[in-house]
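Start from the sequences and build out the full structure, keeping to the hints where you can.
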Amino acid sequence: MEDLQVQSKNELAGLSVRDLFFKYIRFLPLFIISVALALFVVFIYLRYATLIYRSTGTMVIRDEPSSGSGDKFEQIFASDGKKNIQNEIEFLQSQPLMERVVNKLNLNFTYLAKGKIKELNIYRSAPFTMEVLQLFDSTAAFSLRFLFTSNNKFRFTGETTEVGFGQVFKNEFGIFKMTRKSNHQIINNEYHLIWEPSAVVAANLLPNLIIAPKQNTGILVLTMEATNPELAADVINGLMEVYDKATIEDKNTTTRQTVEFIDARIAEVTRGLDSVTNRKLAFQQANNLISPEAQSNNYLSRLEETDKEVTVQRMQLNTAEMIDNYIRNRRFDATPTPSSLGLEDPTLNELVTGYNKAQLERKALLENAPPGNVAVKQKDEEIEELRTKISENLGNIKSAYRQTMGSIEGKNASVLSQVRTLPAKQQILIEMEREQQSKLRVFNLLNEKREESAIKIAATISNTKVLTNASVNMTPVKPNRRNAQILAALIGLILPGLFIFGIELLNDKVSTRNDIERITSAPIIAEVGHSYADKDMVVTQNSRSVVAEQFRILRSNLQYILANITHPVVLITSSFSGEGKSFISTNIGAVMALTGKKTIILEFDIRKPKILSHLQMTKKPGLTNYLLGKITLEQLPVPVPDHDNLFVLACGPVPPNPSELLLDERLQDVFAWLKENFDVVIIDTAPVGMVSDAMTLSKFANATLYIVRQGHTYKKQIGLIDEFHREGKLPKISLVLNDVKLRSGYGYYGYGRYGYGRGYTSGYFDDEAEMQPALMRKWFGWLDTKTWKKKKSKRGTV
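If you use numbering that gives the first Met the number 0, the sequence shown corresponds to residues 0 to 797, in order.
Quick caveat, the hints were computed from the structure, so don't treat them as lab data. Just so you know, even glycine gets a beta-carbon here, dropped at the ideal spot from N, CA and C. Check each hint, because a few of them may be wrong.
[Unchecked claim] Computed beta-carbon distance windows for the label pairs: (1) 439 with 88: 48 to 58 Å; (2) 652 with 564: 27 to 37 Å; (3) 285 with 406: 28 to 38 Å; (4) 398 with 88: 45 to 55 Å.
Laid out in structure tokens, this is it:
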């Protein structure tokens, strides 16, 4: 018997996947309906969902290395030419830049054509354009709905006054004029216009903009999603164009500031030069001085050389003073900080370059964040620190220049002492000429730098290049029709599966053999299918039905349990009433009798006797009559009509104390007599889960058949069976799974493990009235055996 149990468990483990398949395939109509409904819902969704289109463009950001000319003036004013790709991406995704795109493309108006179900964004395909002449409130959004009464006139919803194309009209929002596009016909009657401020439109567009750099390159891929394919392409192309112009503007900002600084210096130097020239001319005219005397040439050459040095130092000192004043007066100004024309201090140049860069970065931060932002405050602290360092450095530079000037002026003093020996008028004239030449040199240098800056502005080009313009893609990317249909099909399959799984999860009754084997190690000796016969006795001499053959298998398996027992007594019980004890008892008795063994069935379910009624026999005197002394043992057995070797021992009248009655000592005499006169004794007793009768009678039995009915016995009752099996409270417990219906998923082989479900049409068994469950006949009538045979016969005759 243990070998049979191990074999059954191994077989179950190997067949679990297919068992699961058959469990769910019986609900195939439910799955089909669910999938059909899901596909219908997704069809409606795809029919009326708002379509999203995607457009993509690419551009390259090129680095511009700093000039290697060594010009200090250029180094101070020029910023580092190396581009940070992430910074450029942030700039492209900034609100101000997108607002410029909105204004460039005039995207404040959204043009919608009203359909039967939804509104469609018609953008450039709109047959008209709305022009705003004046807005009463430019910060509030509004919408306009109107109907075209003809190809040339329209009226607003809720109004009766008609307005024509080109006619200026006024409403609560402002003053407008509608212009009709050429070569466009009015297709829809009703349109909807929505106006929003540029900031709102830009904020709505930015979440749909994706900018991603290609790995290890300076190429950016710009992707835009919108409800109109032309709108998506126009925004991408407009953004790349606006960014290109903004880049040129940023580059020229520094150069223009340099030009403004040079212009201011030229004006100041020009005024000084004019003043010196006028004074010299007036002095010469007043004193008739036309040319210096020859004896002063030597002194003049020496003074000129020292004066040049003093002039250069003074110019450097003045420049340092101007830069210092500039730094002190402009703490947080994004315009570049200028330096001297001839300052050659590397530390100062580095500090000024860093200061200019920090000011520009602070300006970029303020475009996307308020002044109180942590990043802006950090940048302010960095600028203040650089400004302090520059001021300190300029102080050191000015101190050095003053010392150098003092040394040079000391040399001049010795030369001037000799010059004073010359006539006073000649000395005054020489000083005027020296001052004039000094200012003239500064004037010429400034003019040269101004021309260079003007040329640089004219020659400025962007460091970006559009590789691929965004094209109009008419294929929507959302919703994805294929993915939506696949998802709907999966949902249509999953929901019924979850529903069925929930039902199975909440089912607390035995449905399959596996439900029993998971809880108890007690062997299942047989499975008895549902009988569609009119009588409870299905086993007869000539019966060949599936259920009859299953009882024959039960008889064969029972021989392993009752081996070497000559006159076995088999106790048949269950957990509670209605599980088929009497049905099993009568038919197991019949199948035993067919082997020629003299078999008797004891109707010992004294509270609810059913054996005689199942055998369609009238009530007879029985056990209670014998125990009361009203009948002898020889009178108790009653032969079952039409069944040789089969007898029944009735219970007799139902007593008031059945449990105590079964404790009568004379019951031992009854079983002793029965073993002497019968080959097999079958005891049909009360449910062991309800009363103690079976426990009382178990001492007379050699084996116990515990009946479990499919869809009727609770799973928790199997735990009670396992307790009886482990503790040996009932002798040799074996389970019989009763009323197994031919349902996919309940029994891998149809009826249990023995193949009757598959083979009932093979000719080995008699047909029963109903072999297929009602649900199978309802949904799969084409599987009906007789219909199949007819179809097969028809096919064979063709």
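Here is how each hint holds up against the structure:
1. 439 with 88: 48 to 58 Å: 51 Å, holds
2. 652 with 564: 27 to 37 Å: 33 Å, holds
3. 285 with 406: 28 to 38 Å: 36 Å, holds
4. 398 with 88: 45 to 55 Å: This hint holds: roughly 46 Å between Cβ atoms.
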